[in-house]
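Residue 189 in this note's numbering sits at position 181 of the sequence shown; the count goes up by one each step and never skips.
Each hint should be verified, as a subset may be incorrect.
Mimicking SDA-like on lysine to any residue, the simulated pairs with C-alpha atoms at most 20 Å apart in a straight line are [as the list claims (entries may be wrong)]:
hint, residue 1, residue 2
1, Lys31, His110
2, Lys162, Ala152
3, Lys162, Leu174
4, Lys69, Arg150
5, Lys69, Ala85
6, Lys162, Leu151
7, Lys162, Gly91
8, Lys69, Arg89
9, Lys31, Arg158
10, Lys69, Val90
11, Lys69, Leu149
12, Lys69, Arg158
13, Lys31, Ala85
14, Lys162, Tyr79
15, Lys69, Gly91
16, Lys69, Ile148
17, Lys162, Ala57
18, Lys162, Gln61
19, Lys69, Met122
20, Lys69, Leu92
21, Lys31, Phe56
22, Lys69, Gly55
23, Lys162, Leu62
24, Lys69, Ala86
To be clear, the hints were calculated from the coordinates, so they are not data collected in a lab.
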Amino acid sequence: MVAGTPRDSLYVLDVLYDRDGGKRPETIVTDTAAYSDIVFGLLTLAGFAYAPQLADLPDQKMWRIDRTADYGAFREAARGRVGLARIERQWEDILRIIGSIHTGAVRAYDVIRMLSRDGRPSPLGDAIAHYGRIAKSLHILRLADEPGYRRQIKAQANLQEGRHALARRSSTAVPGSSTSATRTAWRPAAQPARGRRGVIPVR
9 MVAGTPRDSL YVLDVLYDRD GGKRPETIVT DTAAYSDIVF GLLTLAGFAY
59 APQLADLPDQ KMWRIDRTAD YGAFREAARG RVGLARIERQ WEDILRIIGS
109 IHTGAVRAYD VIRMLSRDGR PSPLGDAIAH YGRIAKSLHI LRLADEPGYR
159 RQIKAQANLQ EGRHALARRS STAVPGSSTS ATRTAWRPAA QPARGRRGVI
209 PVR
């Protein structure tokens, strides 16, 4: 079981590393609510492709490395700047964090909470967020340029919505099997989708 509140993103990596077997997922599809730059960075560093659905795509902010580069039609969209120096200063600690999550020495949930306090990231969390913004910008460009990529994400999200709907119907089919509060607070843990190559939806 994975808590549906307050933020699914806190549990994403733990779900991925606590699987009971099966093929290692390649892409993680989430809705906009499960998105954050720190999670984007952690998942990318861990070797996963993170593909959140982003609301209001034309208004999304992208990030550039070279402040003086001419991005043509994307000049206004690429108004953020990735701080490579921030990433470099924290690089050794970033690798320790990823290694600790990968080996199970720490829970990703606890790491993500540690990296951000009261809505403000620590210097390490800020560095991971800047790393994540590189992957986020590439993800936005794929969403804008590849219809097949958009369809894949939408199809996977629809599949997961169908699973949630089935779970809700199942939990209410047997009297006394679930309380309303429990149905609201908890959802089934995500499992790899059959028939789709290494793609796991998370809600």
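A quick look at each hint next to the structure:
| no. | hint | in the structure |
| --- | --- | --- |
| 1 | Lys31 - His110 | holds (16 Å) |
| 2 | Lys162 - Ala152 | holds (14 Å) |
| 3 | Lys162 - Leu174 | holds (18 Å) |
| 4 | Lys69 - Arg150 | holds (14 Å) |
| 5 | Lys69 - Ala85 | holds (6 Å) |
| 6 | Lys162 - Leu151 | holds (11 Å) |
| 7 | Lys162 - Gly91 | violated (32 Å) |
| 8 | Lys69 - Arg89 | holds (10 Å) |
| 9 | Lys31 - Arg158 | violated (23 Å) |
| 10 | Lys69 - Val90 | holds (12 Å) |
| 11 | Lys69 - Leu149 | holds (11 Å) |
| 12 | Lys69 - Arg158 | holds (18 Å) |
| 13 | Lys31 - Ala85 | violated (37 Å) |
| 14 | Lys162 - Tyr79 | violated (28 Å) |
| 15 | Lys69 - Gly91 | holds (15 Å) |
| 16 | Lys69 - Ile148 | holds (9 Å) |
| 17 | Lys162 - Ala57 | holds (15 Å) |
| 18 | Lys162 - Gln61 | holds (8 Å) |
| 19 | Lys69 - Met122 | violated (26 Å) |
| 20 | Lys69 - Leu92 | holds (18 Å) |
| 21 | Lys31 - Phe56 | holds (13 Å) |
| 22 | Lys69 - Gly55 | violated (23 Å) |
| 23 | Lys162 - Leu62 | holds (11 Å) |
| 24 | Lys69 - Ala86 | holds (6 Å) |
In summary, the numbered hints that this structure violates are 7, 9, 13, 14, 19, 22.
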